Structure formats: structure tokens, C-alpha cells
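Chemist: What follows is the residue order along each chain.
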Amino acid sequence: MTTHGTPDGAHTPMNDEHGSTAVRLDQGHIQGTGGIPAQFQNPGLPPHVERMSDIDPKAAKRAELQVASMFILSILGSLACLVAYFVIPTHQQIWIPAIENGNLSHLAIGLTLAISTFFIGAGAVHWAKTLMPDQEVVEERHPLHSTPEERQAFARALAEGDAAAQLSRRPLLKMTLAGALGLFAIPPIVQLVGGLGPLPGDDLSTTFWDSKYWTNGKAPRLMRDPEMTPIKASDVTIGSVFHVLPEGIMDSEHPLDEKGKAAVLLMRLHPDQIKSQKERDWGYHGIVAYSKICTHVGCPVGLYEQTTHHLLCPCHQSTFDVTDDCKVIFGPAHRPLPQLKIAVDAEGYLIAEHGFAEAVGPSFWERG
Amino acid sequence: MSTRTTDGLRAGDSRSAATSSSSTKAGAIAGWVDDRTGLAKGARYIMSKVFPDHWSFMLGEVAMYSMIITLITGVFLTFWFVPSAGHVEYNGSYIPLKGVQMSEAYASTLHISFDVRGGLLIRQIHHWGALLFVVAIVCHMFRVFFTGAYRKPREINWLIGTMLAMLALIEGFAGYSLPDDLLSGTGLRAAQGFMLTIPVIGSYFVYFLFGGTFPGEAIIPRLYSVHILLLPAIIVGLFAAHLILVMVHKHTQYPGPGRTNENVVGFRLMPVYTAKAGGFFFIVFGIIALISSLFSINSIWNYGPYDPTAVTAGSQPDWYMGFADGALRLMPGWTEVSFGGFTFTYGILLGSLVLLPLVYVLMGAYPFVEQWITGDQREHHLLERPRNADTRTAIGVAAITAYCVLWFAAGNDIIATHLSLSINDITWFFRILFFVGPLLAFWVTKRICLALQRADREKVLHGRETGEIVRTADGRFYERHEPLDEYTRWHLVTGEPPVALALDSGTDHNGVRRPASKSERRRAKWARFFYKDNIPPVTPAELIAAQHDGHGHEAVAEIESGETTSRH
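Protein chains in written order, with numbering that gives the first Met the number 0: chain B, 0 to 367; chain A, 0 to 567.
No wet-lab data here; the hints were simulated from the structure.
Keep in mind the model is a prediction, meaning the values are calculated, not measured.
It is possible that part of the hints are untrue.
Derived pair list, reagent style DSBU-like, types lysine-lysine, alpha-carbon separation capped at 35 Å [what the hints assert, rightly or not]:
| hint | chain 1 | residue 1 | chain 2 | residue 2 |
| --- | --- | --- | --- | --- |
| 1 | B | K128 | A | K48 |
| 2 | B | K274 | B | K173 |
| 3 | A | K24 | B | K60 |
| 4 | B | K128 | B | K173 |
| 5 | B | K128 | A | K40 |
| 6 | A | K517 | B | K128 |
| 7 | A | K458 | B | K128 |
| 8 | B | K217 | B | K277 |
| 9 | B | K60 | B | K217 |
| 10 | B | K231 | A | K97 |
| 11 | B | K60 | A | K48 |
| 12 | A | K517 | A | K531 |
| 13 | B | K128 | A | K151 |
| 14 | B | K57 | A | K48 |
| 15 | A | K531 | B | K128 |
| 16 | A | K445 | A | K249 |
| 17 | B | K60 | B | K211 |
| 18 | A | K24 | B | K57 |
| 19 | A | K524 | A | K445 |
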């Protein structure tokens, strides 16, 4: 029907009865002149339409009853809420379709509370809509800014204050005050920041595998997490994966802090599948150990795909290729997972003779 | 002018001071207060203030009420929650975790959930209320943005609102990190990872914040203090300023018959808005309570206590942090450089610690940018229909599209598993969509707005389609159109014609280049970009022309006795 915006702007009168071709933008926007106003004039507020409750006292009474019943519903809700609180035992379970097992006390208190609050609101709004005045009123706006005189008076007051305090006349006061105000906040801030925590030192670059944590000068065994039992090389079959922690970590002062850095994944691949010579050398007959802490932002790289030998971090989907020294093959991580060099002790258990050669976990400025 | 005694009474003070004589009890109390505060005048002024009615004005109210509900339930929770990372063995009534080592924070959250009667409900209301708070803020900001309500004189309030929106996110993050369950600990771990990427001071920042190695035992009590004291105080303060400015400015209103830039049309605070807005608080409360009793959220007992070596698949932050998480997932891994023994991971920094404030800085800056482009220094109290501000609407939708791409990207693993798609393909798709999507959205939105502008013109010019088919005497058919009444029509013709404020093309009327400054020319260019496609509303002359059946121009010419028309 519309012919606005015909690209060529050609005049194509169609002469249909309701005149859809009469005014077209491409013929120019018509500003009224002469006898016609340039723009439409605001018609003013539309006539007020009375509501049923305005003209019919019965309707008004009905509305009153409706509002009152909503308030009564709310009262009943509040009372029921109290009853539910005192009567229903805390651990009473209930089976509800679609919710399955729910806690009856939680459900009853919640639903009755919802009734008690909702119907106060519904009642009040219904009251406002049916019985309170619905004729709109007009309030005039006034420009927000102060009058020029008031602005001048303000500027004057400011200047007078400045003069009375002799601020401009005595630059020494101005300078020293500025200095004092500039410095006073620094000691409290230094106190706060200085007391917050220790300096990082080399803490980010050390883990519980490092020789300084060894007990009795013995290289730590690789232990199953969470059973904390040592792992025999022969237990690690091809395709299997072990979550590993260093021996003695649970006896450390802050096991969680140590676990956050020392967690390791142990996997066994067919030695032929391993593409990296270093990976093969640092492993033991295809058994390789890699840091479990993602080099992206530090989540545990928890998902091992046995068929592809990919490690996937569930947080941001960085993907590491275990056959190729855990290099990043997809996702936001930049560096490969650091490898832990492992060996076997006299009893056939897996041990780590060195800590990690580099810092584990997310990158930081001075990691190198 | 009167005789004053020397004991300090000012002129006009009466010794008996019997101003608070009132027959009713309430009146007597009010009088007592007013004698001591003089509040009656101000209170009367506020009670008679007029607020316009529109459903979209309730979005801000939802935000306000969910904030209040969250504050109330938050106070409840502080009575039971123990903000400590100290280790205990769980011995409560949730059997699957009996005997498990955990932090006191986690144990006390389990205690609230299982052993405090109604405690789980309060926790759920707190969490749902917080989620709704952020949802409502976002919707409220959409309303303010797309109707141009941030224009002069409300720029300061837009800035305050922007700050509130950002603080709400941080407050939410601090809150859901407190229970020290596996999911929240994973979130904190990632946060620690972002902070480590701050150049030069990253590791120092992290060690100061966490009081040492991650997770340490300091972060829970510190976040607690931030969550229940520092941020709520700032939020409540800014919120109060936000409301006071709404009062000072008087609420904006949509254009309509009787509504002008110089008035407010609506209902008084007393009684209508007291009932409507006060009642609405209870409606919001009731709905949050209903959701909280039926739909469990953050069921921390399913996640277990935090352990830095454990993680669950599908770990995701609360929805409002999703866009930052998505940005991290999309960021390619090559965004890290090493030089001279230092490492700078700018990708992670960009996707997290820079992105979040950047979003809010851009939003806060927008009104000032638009003002510079349009050169519009007038006060605006009438809202614009989004379709009439086509470029702004398109910019808004483009920004929302970019946000949503990041947000969906935060669920790339869920999308992959549920739709059996390759996560790599999805990630690549989102990476490209992040750049292409907003451009596409801009173009589509702009076209839709212009089409709607045309549709409005069409409707004004030719009236409403009645659906009645008329057959003329000579056998032709047409649909009868009914002219709009002047009140309906007014809605469609109020679109402010784009002011020629900055439409200076840099040439004078003879086409000679004027020596405009470079920034003036750039500004004119932007103004053209902003306004060039806008379709001016129908003028009375055009309507008259339209009603003269295809002889419009002659008709106008007749009425105006030969006046010509000109392209706008």
C-alpha cells in the first residue's frame, strides 16, 4: 500500500480512493506555511472516562470487597506462615510432582509468605486503580537552574568567603594546607595495604614437590588424591588417569594452599604415541605427569579424553594435547601445562625427583 | 515590628507555642514532630508530587524493591553465617556431607540451609532477590537509554545509575563467593588468575588481597566485610542520591496529549502512588518469595566444599558475570607476550579486569558523546520513542548484541553438550559473531526503526485500516480508512524533528567551503550519521494534502495560496 521511498522519486499517481499517493517523502517534506501551522498542536488532555466504580456505587462496593478480600487473604497467609513455622518439622520431606523431593517446611513457609506479601500489594494496587482518583493532574516544571541573580549571589558569597579567610592573600596557608590535605590519607592507606598480606617472593614459583619440602631428604612419592596411597608404576595401565598429590601434603601447614599449586594428573600413553622426546624422557615408560592447574586462570584441568588424549579445562575450555607435551591446541590458554619429571623408587613406586621446572598455574608478570 | 522580650524569642514566635493543637491523635503526633523539625511543609510538598504512569517506569522500582529485599534478608543471614575459612568437620543434619572437612563459612551456610527453620528460604530470597536486582537494573537502563531519558538535565543521574549497576555486579560476585563451596571457590580461583595478569604488580596485588597463597584464609572474611559493609553503604548512598535527583528533576514522561516538556501529567504521591508503589513492593516481595520456595538456586550442598584440585563440568558464574566469562572463553591464546624475563597476558586482562569497567565507562560516556554530536543543550523531559531515535536505538541494540554474544559464549560448553556441536566450532562462531553481530544488529535495527517511522506517517496520513471493503458504484473495491482522532494522532506526530543544531555541512548556501575547524567538521559528519535517515513527522499541511486524494500538492498550494514546499 505504501509508496513512500520509491527510489527514483517518480510521480506515479495511482488514483485510488483513499489517496495513498498523496504525500510522499521523496517529493519533499512539506512544512506548513501561510494558513496551516508548521506542526500539529498538542490537543491537550483527552476527556476523562469515568470508571464503573465512579458512576455505580455497587461497582465501588464490589471493588471495596475485592480489595478487602485480598487483604484478608494476606492475613490468612501470614497466619498460615506462622502455623507452618511452628508445626512442620525442619526436615519433613514431601514429594511434589515436577519438584520431586522438597522440604515441606521450606515450601510451606515460602508459599504462605508469598501469599501474605503478594496480596497486600495486589490489594493496594487494586484499591488505587478502582477507588482512588484516576483523573490525571498536571504539575508544572520549572527550569532547574537558579536565576542569574542567585548564581551571582553564590559566586559573591564564595568570593567573600575566600576574602574573609584571606586564602588568596596568604599563599603560604594555601600551599601548606594543600600539602597537608594531600598527604594525610597516605599513612592510613599504607597501614591498611601494608597489613594485608605477605610479599609473594618466589611463592608462585614453588610447589610442594620442591626439594625444600622433602621429608628425610627423600623424593616424594606420587599419591592418589584423595586416598593418599602411593602408586606403583605397574598400576598405571595404558589409558588410565590418576589424580595425584605429593606425599606428605596433608601434613603441611595449609594443605589447601599447597594443593592449589601441587595438584598433578598422571596418565599412561603408549610410548609410540608420545611425539615429544622431552615428554618421554621426563616420564616413565609412557607414564607422564602434568600439572593439573590450568595455565589460563588456574582451574583444575579436570577432563581427560582418553581416545584423543586431550585434556580439557572445564572453566574456559582450554584444550591441551597430552601426546605433544600438553601444548595448547585450542582455547584461551597460552602455555603448555608444566610437566613433572618422574621416576620409580626401589619399591616400584612413582616418585618425583625434582619439582616443576617452571611456575605452575596462570601467568604473572615476573614468571619469565 | 513587634515588641520582643529579651529571652530569645524571635518575631512571630508565640510564647504559648500551641501550634500543635490538633483534634486527632495522628495530628497531635505529626504536630509534635513538626514542632521539632518543621517537616510538615516539605512532607506536604513531596506528598503532592506528581508522577507519570507507565509500565516501563516500574523497572526501576523493581530494582529498588529487590535491593531492599536483599538488604533485609542479608541482615538475617549475617546472624547465622560465619565468615571464616577456619576448618571444621561437618556434623549437621545433611547426611551426605557428614564428617567432611570444610570451612566454617561452608558449614554455616549448610547450617542455614538445613538446620535453621526457614533459613533456606531466606537464603533463596537473598539470592533470587540479588539476581532480580541486577536484571531489573539492566532493564531499567534499557528503558532509560532507549527513550533518551539520560539527556540533559539527567546526565548526572545516568552516571550514578551506571556506577550502581557496576557495583551491583561486584556486590553480587562478592556475595556468591562467600559460601566457599566448590563453585564459588572456582570463581574466586579464576578471579585470582585474572588479577595475576595485572602488569608489574599482579602477584603483589593478589598476595595482598588473599593474604598470601590462594586460597588462604583471609579472603572470606575480607569479602564479607566488602559484601555486607563497604559496598552496601556505597550502594545505598548512591541509590539515595539517585532517588533525590529523580525528585529534583521530576520524572520524565512519554509524549502524549496534554503532556509537554514543561509539565508532568500523572498522579500524586498521596494517595495513588503511595498505594501503587508501596503495594508494588509487596508484589515484588511476594513473587520473589514464590520463586524462592519453588525453584532452588545455588544449591551449595550439591557442590561440596571448595578444594582447589576439584572442579565440576559446566562451572559458570551468576548470570551477570557471564559476559566477562564469555570474553575469557573467546579470547585466543596468543594474547600473551614474554620479553626480558617478564610475561604480560593482555588477553586475560582485557577480557576481565578491563572489560568490566570498560562497559560501564562506555555507558557512562554515551550521553556526553551524543550531546557533543547533536549539540543539543536543551532540557528534555519528554521521552523519545525508540523508533524515532533510530541511530541511538541501533547503537543500543548493537551494544546489547555484543554483550549477548559474550554472554552466550560463557555457555559454549553447555551449548556443545546439549546440541551435540563441536565446542571449537561454537567458539569460532562466537568469535566472528562478536564483530559481525553488532554491525548486523545496527543495520537491522536502524531499518526497522525507519520502517516504523514510515508506518507512523502512513497511519497518520491515511488513517486506520478499518477492514471494511467498500465497493464503488463503478465496481471498484477499496478498503475504507478511518482518520485518526487527534489524541491518537498526537502520539504519532510528536517525534521531535531533528534539530539543525549540528547539521552544518561545512559549506555555506552557495556551496563554498567554510573554514570550519577540523573538530567541527568531524562533528558535523557524526551529526549527519546520527540524523540523516530520520523521517520527519507528518505536518498538518501533509495531512491536508493526503486527504485530497492524490491532488495533495495542488490542495496545499491552494490553501497556502501558492506557497512552495521544500525538502527538509
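Chemist: Hints the structure violates: just list their numbers, smallest first.
Modeler: 2, 4, 6, 9, 15 and 17
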